[in-house]
Amino acid sequence: MITIRKYTDEDIEDMVKIWNTVVEDGIAFPQEDKLSFEEGKAFFAGQTFCGVAEDSDIEKVVGLYILHPNNVGRCGHICNASYAVDAEVRGLHIGEKLVKHSISQAAKEQFRILQFNAVVKTNVHARNLYERCGFTQLGTIPKGFRMKDGHYEDICPYYIEVV
Numbered sequence: 017m018i019t020i021r022k023y024t025d026e027d028i029e030d031m032v033k034i035w036n037t038v039v040e041d042g043i044a045f046p047q048e049d050k051l052s053f054e055e056g057k058a059f060f061a062g063q064t065f066c067g068v069a070e071d072s073d074i075e076k077v078v079g080l081y082i083l084h085p086n087n088v089g090r091c092g093h094i095c096n097a098s099y100a101v102d103a104e105v106r107g108l109h110i111g112e113k114l115v116k117h118s119i120s121q122a123a124k125e126q127f128r129i130l131q132f133n134a135v136v137k138t139n140v141h142a143r144n145l146y147e148r149c150g151f152t153q154l155g156t157i158p159k160g161f162r163m164k165d166g167h168y169e170d171i172c173p174y175y176i177e178v179v
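Residues 17 to 179 (our numbering) are what the sequence shown spells out, left to right.
In short, the hints are calculated from the structure, not lab data.
Some clues are possibly wrong.
[Unchecked claim] With a straight-line Cα cutoff of 30 Å, these simulated DSBU-like cross-link-like pairs (lysine-lysine) come out:
{"no.": "1", "residue 1": "33", "residue 2": "76"}
{"no.": "2", "residue 1": "116", "residue 2": "159"}
{"no.": "3", "residue 1": "124", "residue 2": "113"}
{"no.": "4", "residue 1": "137", "residue 2": "33"}
{"no.": "5", "residue 1": "113", "residue 2": "57"}
{"no.": "6", "residue 1": "159", "residue 2": "33"}
{"no.": "7", "residue 1": "113", "residue 2": "137"}
{"no.": "8", "residue 1": "50", "residue 2": "22"}
{"no.": "9", "residue 1": "164", "residue 2": "124"}
{"no.": "10", "residue 1": "22", "residue 2": "124"}
{"no.": "11", "residue 1": "22", "residue 2": "159"}
{"no.": "12", "residue 1": "164", "residue 2": "33"}
{"no.": "13", "residue 1": "116", "residue 2": "76"}
{"no.": "14", "residue 1": "164", "residue 2": "137"}
{"no.": "15", "residue 1": "116", "residue 2": "33"}
Using the sequences and the accompanying hints, generate a full structural model.
Below you can see the structure in the form of C-alpha cells.
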C-alpha cells in the first residue's frame, strides 16, 4: 500500500539515499553532487513542499518529490518539481502517484502552472508519464543536458496548468 504524504524529519535519511541514487545515475537530475544528511535536511526544508511515497507494508519511504517556485515576481505563479523513486521499486507506478499528488499540491500552494525545465529526451518513461498526466511538451532544447558519461542529450520542457 503506497501513500503520499508530507515529509517529516524522520524521512530525511531515506530521502537523501533515494535522491543521491538518482544524482549518481547521472541521467535525469542536473545536480552532480550528492547530498550529505545535513545538506539534505536543509535542501528539503527549503522547498515549498516535499512529498514522500511510503510503503505502509514495510513502513519505508520509497519515493519523493520536491515542489518549489520556478521563478520569482511576475513568473512566481509557475512552480517546478523533481521526482525520485527508489531503484528497487521502479515500475510500480509510484512515480505516477507522486506526479498526481504534486499537481494537486501545486494548486493548494497557489501556483497556477507546473513546469519541468529539463526532461531528458531519452527518459521515455518520464516523458510518457508526464504526457499521460496531461502535461504538454513545449519544444526541444538541443544538447541541453550533459550526461554522466559526458555526451549531450536534448531536453524537453513540459508544463501543465494546475488551476
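Evaluated hints:
no.	hint	result
1	33 / 76	holds, 12 Å
2	116 / 159	holds, 29 Å
3	124 / 113	holds, 17 Å
4	137 / 33	holds, 25 Å
5	113 / 57	holds, 23 Å
6	159 / 33	holds, 29 Å
7	113 / 137	holds, 22 Å
8	50 / 22	holds, 22 Å
9	164 / 124	violated, 36 Å
10	22 / 124	holds, 13 Å
11	22 / 159	violated, 35 Å
12	164 / 33	holds, 19 Å
13	116 / 76	holds, 20 Å
14	164 / 137	holds, 15 Å
15	116 / 33	holds, 23 Å
Hint check: violations occur at hints 9 and 11; the rest are consistent with the structure.
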